[in-house]
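Student: Below, each chain spelled out in residue letters.
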Amino acid sequence: MTAYIIRRLLYAIPILIGVNLITFVLFFVVNSPDDMARMQLGDKRVTETAIESWKQAHGYAKPLLYNPEAAGIGRLTETIFFEKSIRLFIFDFGSSDTGRDIGHDIAQRMWPSLAIAVPVLLVGLAFNISYALLIVFFRATYIDFASVVLLVAMMSVSGLFYIIGGQFLLSKLFHLVPISGYDTGLQAWKFLILPVIIGVISGIGAGTRWYRTLFLEEISRDYVRTARAKGLSESRVLFGHVLKNALIPILTGVVVVLPLLFMGSLISESFFGIPGLGSYTIDAINSQDFAIVRAMVFLGAVLYIVGLILTDLSYTFVDPRVRLA
Amino acid sequence: MPLIPVVLWTDALVYLLILLILLIVGFALYTVRHEHLRAPWLRVFRSRVGMATSVLLGFYVVVGVLDTVHFRLKLDQPATDVSTPIRYAPEVLSLLDVITSGLRERQEKSYSAPFAAHLFVKEAIEQPDGTLLRDYPRLVHGGAHLDDPARQRGLDIAWRALWGVLQGLLISVMSLSGLIWMMARARGESVGSTRAAILAGRGPLPWRYAFAMLAILIVLILVAAELSAKYHIMGTDKVGEDVFYQTLKSIRTGLLIGTLTTLVMLPAALLLGIMAGYFRGWIDDVIQYIYTTLNSIPGVLLIAAAILLLEVYMSNNADQFASLVERADLRLLFLCLILGVTSWTGLCRLLRGESLKLREVEYVQAATALGVGHVTVITRHILPNVMHLVLITLVLDFSGLVLAEAVLSYVNIGVDPSMHSWGNMINGARLELARDPVVWWSLTAAFVFMFVLVLAANLFADVVRDAFDPRLRTAL
Numbered sequence: 065m066t067a068y069i070i071r072r073l074l075y076a077i078p079i080l081i082g083v084n085l086i087t088f089v090l091f092f093v094v095n096s097p098d099d100m101a102r103m104q105l106g107d108k109r110v111t112e113t114a115i116e117s118w119k120q121a122h123g124y125a126k127p128l129l130y131n132p133e134a135a136g137i138g139r140l141t142e143t144i145f146f147e148k149s150i151r152l153f154i155f156d157f158g159s160s161d162t163g164r165d166i167g168h169d170i171a172q173r174m175w176p177s178l179a180i181a182v183p184v185l186l187v188g189l190a191f192n193i194s195y196a197l198l199i200v201f202f203r204a205t206y207i208d209f210a211s212v213v214l215l216v217a218m219m220s221v222s223g224l225f226y227i228i229g230g231q232f233l234l235s236k237l238f239h240l241v242p243i244s245g246y247d248t249g250l251q252a253w254k255f256l257i258l259p260v261i262i263g264v265i266s267g268i269g270a271g272t273r274w275y276r277t278l279f280l281e282e283i284s285r286d287y288v289r290t291a292r293a294k295g296l297s298e299s300r301v302l303f304g305h306v307l308k309n310a311l312i313p314i315l316t317g318v319v320v321v322l323p324l325l326f327m328g329s330l331i332s333e334s335f336f337g338i339p340g341l342g343s344y345t346i347d348a349i350n351s352q353d354f355a356i357v358r359a360m361v362f363l364g365a366v367l368y369i370v371g372l373i374l375t376d377l378s379y380t381f382v383d384p385r386v387r388l389a
Numbered sequence: 152m153p154l155i156p157v158v159l160w161t162d163a164l165v166y167l168l169i170l171l172i173l174l175i176v177g178f179a180l181y182t183v184r185h186e187h188l189r190a191p192w193l194r195v196f197r198s199r200v201g202m203a204t205s206v207l208l209g210f211y212v213v214v215g216v217l218d219t220v221h222f223r224l225k226l227d228q229p230a231t232d233v234s235t236p237i238r239y240a241p242e243v244l245s246l247l248d249v250i251t252s253g254l255r256e257r258q259e260k261s262y263s264a265p266f267a268a269h270l271f272v273k274e275a276i277e278q279p280d281g282t283l284l285r286d287y288p289r290l291v292h293g294g295a296h297l298d299d300p301a302r303q304r305g306l307d308i309a310w311r312a313l314w315g316v317l318q319g320l321l322i323s324v325m326s327l328s329g330l331i332w333m334m335a336r337a338r339g340e341s342v343g344s345t346r347a348a349i350l351a352g353r354g355p356l357p358w359r360y361a362f363a364m365l366a367i368l369i370v371l372i373l374v375a376a377e378l379s380a381k382y383h384i385m386g387t388d389k390v391g392e393d394v395f396y397q398t399l400k401s402i403r404t405g406l407l408i409g410t411l412t413t414l415v416m417l418p419a420a421l422l423l424g425i426m427a428g429y430f431r432g433w434i435d436d437v438i439q440y441i442y443t444t445l446n447s448i449p450g451v452l453l454i455a456a457a458i459l460l461l462e463v464y465m466s467n468n469a470d471q472f473a474s475l476v477e478r479a480d481l482r483l484l485f486l487c488l489i490l491g492v493t494s495w496t497g498l499c500r501l502l503r504g505e506s507l508k509l510r511e512v513e514y515v516q517a518a519t520a521l522g523v524g525h526v527t528v529i530t531r532h533i534l535p536n537v538m539h540l541v542l543i544t545l546v547l548d549f550s551g552l553v554l555a556e557a558v559l560s561y562v563n564i565g566v567d568p569s570m571h572s573w574g575n576m577i578n579g580a581r582l583e584l585a586r587d588p589v590v591w592w593s594l595t596a597a598f599v600f601m602f603v604l605v606l607a608a609n610l611f612a613d614v615v616r617d618a619f620d621p622r623l624r625t626a627l
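Residue numbers (our numbering), protein chains in the order written: chain A, 65 to 389; chain B, 152 to 627.
Please keep in mind that the hints were generated in silico from the structure rather than gathered at the bench.
For clarity, every value in this text was computed on a predicted model and none was experimentally measured.
Check each hint, because a few of them may be wrong.
Now the in silico label distances, taken between C-beta atoms and shown as ranges [said to hold, decoys possible]:
hint, chain 1, residue 1, chain 2, residue 2, range
1, B, S328, A, Y287, 48 to 58 Å
2, A, R72, B, V437, 13 to 23 Å
3, A, N350, B, V437, 34 to 44 Å
4, B, G209, A, A67, 49 to 59 Å
5, A, V182, B, W192, 39 to 49 Å
6, B, L488, A, L296, 34 to 44 Å
7, B, G209, A, L296, 29 to 39 Å
8, A, N350, B, P588, 27 to 37 Å
9, A, D98, B, W192, 51 to 61 Å
Heads up, the beta-carbon is just placed ideally off N, CA and C, and yes, glycines get one too.
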């Protein structure tokens, strides 16, 4: 098991190098360090010396990918790409182009993101699974049919409409909660409740339908027929056997997204003005702060890979038939 | 020539797509003789939902295609002057623009509510006696034929709607009888018995659902046409443009994002996916590395970076683009490409898995043992057997991509702001909702048209998946 994890982690290194290379190339194809310096210095008439000193100060003075002046391995290491990338691997994000400490920013902005993402995940999971069980219990009736129609209709509504509609109804019409904003500590709950509700509602359509399919697939298995033949009641079959077995794909599906919860949601955070990592990223994109974007891409890629490894591990925990080699 | 055709980049791809579809239809006609190829399509159209939604989707596609045929009209010139070269208007129009030219040209000054006869905002109006009065001025076009809108408007709308319904019913009865007559001819039966069979729902295909949907659409189109001749049926936006026209124009953008995205990346996904599964070994490793790397970059960030790149490029090379339309078009194409880059990995992985399985199947082993080359094995044995995965992915991804366009446009990394799209309409509606009283109609129009398209696509995708997925087929 340990050997497996170590091997998977080693596999991650070339992937992360590739990710860094892609973001790096994308950003510098059109946006040279000189352009960045000009944009950050913010003046039309910037002198050459000012640009040079900005590049020196922020570490953009070297060649991009290949340094012909250096000798040996230095041709690859004495470049912007190497120097900016290598520090990411020990999670030293450095400072942003405006001089703020990215690691500190991320550690601080992580919590509001989690404060939305975790309740959305848990409440959504609980609601979707119960609703799906209810539908399966009443399968092939009008309740089933009407629910499926409702779910497909809910899936077909853009997430933007849920946000806009929710803000309009709850905040503007009924004045129940503030439209957007954030507060520190426990006072934050009234700012969080609306994004959480909307997050859960917008996930119902796809989520419940997926769980319903899982349950229906499970319910046509042989062991279910055996359980019924033993004389178990339908609810015992559903909760004792079907739910338990269907939890395997559900759990592994959840594990994959767990690490990515840290990244927050780009859309709802910027809609509700919550200072999480999602809005951090959007702000960085809009101000073309390459250091932050690179850090966030790297973080996202790491978390994605961690998610994949965790999924494989979780299989061995919930399903004794799976052995990792 | 009174006009000069203009082919934008996305237009060219749409034409390619249409050609492809025609080829598929031709192939389908060929497959009619092959039971195993015909069966899944029969299953799609045997379902009532499949019949009804394909008519609805067909309507969207027709609007989209009409909006794709672009051209520039000839400018009026004095007939006496023959020597000067013919000049064309700089404005690029589409067939849809010509059909809805009434909507396009009837501009108001600013916001007006649906069916309104007055502007939504107060203005200083000069009275006949010279004094100024702050009131809601009459619209230039909407309800301009009425003398006393407050009294006549309701009745006028009702009459026009009724007249539209009557026209619609007449046309639907005529076109449906034409269709039934053609079907009767094709089947070699009498018209009466064909009609009776269809109305009663007998026969292999539930034609009556398709016909009902067609009739509903025709009636709705004629009512809308009748009403929008005199009113702005979905109001006007900030600069007085008709919202109904905007949402019709947005159909092309939505359809393009939904289809071209998968289409542009299809060759890469097919090639790499099948190669990885078929050859295995180091080729598999390299291809897996490529798609895992692309997959681990957060999609929105990749799109944002790419769009930023394009914006910088465009502002540095502004002279390369002849017109705003061309610029917006190129951005749309680029967006499709980059969305494709983020979404092709799923299909690639599916294809790899399927090819891994297929290369061990007996007929492939037999072909290899007989000395058939790799290329032939792949094109004759592997490719036809993974096509159902491609089709399922294509229809399943469609609705998600249409929805993604709206979200991306909201974060300003979607289509060009000058382009008509539902995302841009929603984006604009954010400020409108903050007004008091609320300007709700842009948002509603975008919502309705988008919802209908995505719902139909979702339902159709389900039917297609059920029909083509061999795993599900056994369960049914």
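Student: Run every hint past the structure and note whether it holds.
Tutor: Hint check:
1. Distance hint check for S328 of chain B and Y287 of chain A: the Cβ-Cβ separation is about 56 Å, which falls inside the suggested range of 48 to 58 Å.
2. For R72 of chain A paired with V437 of chain B, a C-beta distance near 18 Å keeps the hint of 13 to 23 Å intact.
3. About 36 Å separates the C-beta atoms of N350 of chain A and V437 of chain B, a value consistent with the hinted range of 34 to 44 Å.
4. Under the hint 49 to 59 Å, the C-beta atoms of G209 of chain B and A67 of chain A, about 57 Å apart, fit the expected range.
5. For V182 of chain A paired with W192 of chain B, a C-beta distance near 46 Å keeps the hint of 39 to 49 Å intact.
6. At roughly 55 Å, the beta-carbon separation of L488 of chain B and L296 of chain A lies outside the given 34 to 44 Å, and the hint is violated.
7. Checking the proposed 29 to 39 Å range against G209 of chain B and L296 of chain A shows it is violated: the Cβ atoms sit about 49 Å from each other.
8. Judged by the Cβ atoms, the range 27 to 37 Å given for N350 of chain A and P588 of chain B holds: they are separated by roughly 32 Å.
9. For the hinted restraint 51 to 61 Å between D98 of chain A and W192 of chain B, the CB-CB distance of approximately 58 Å keeps it satisfied.
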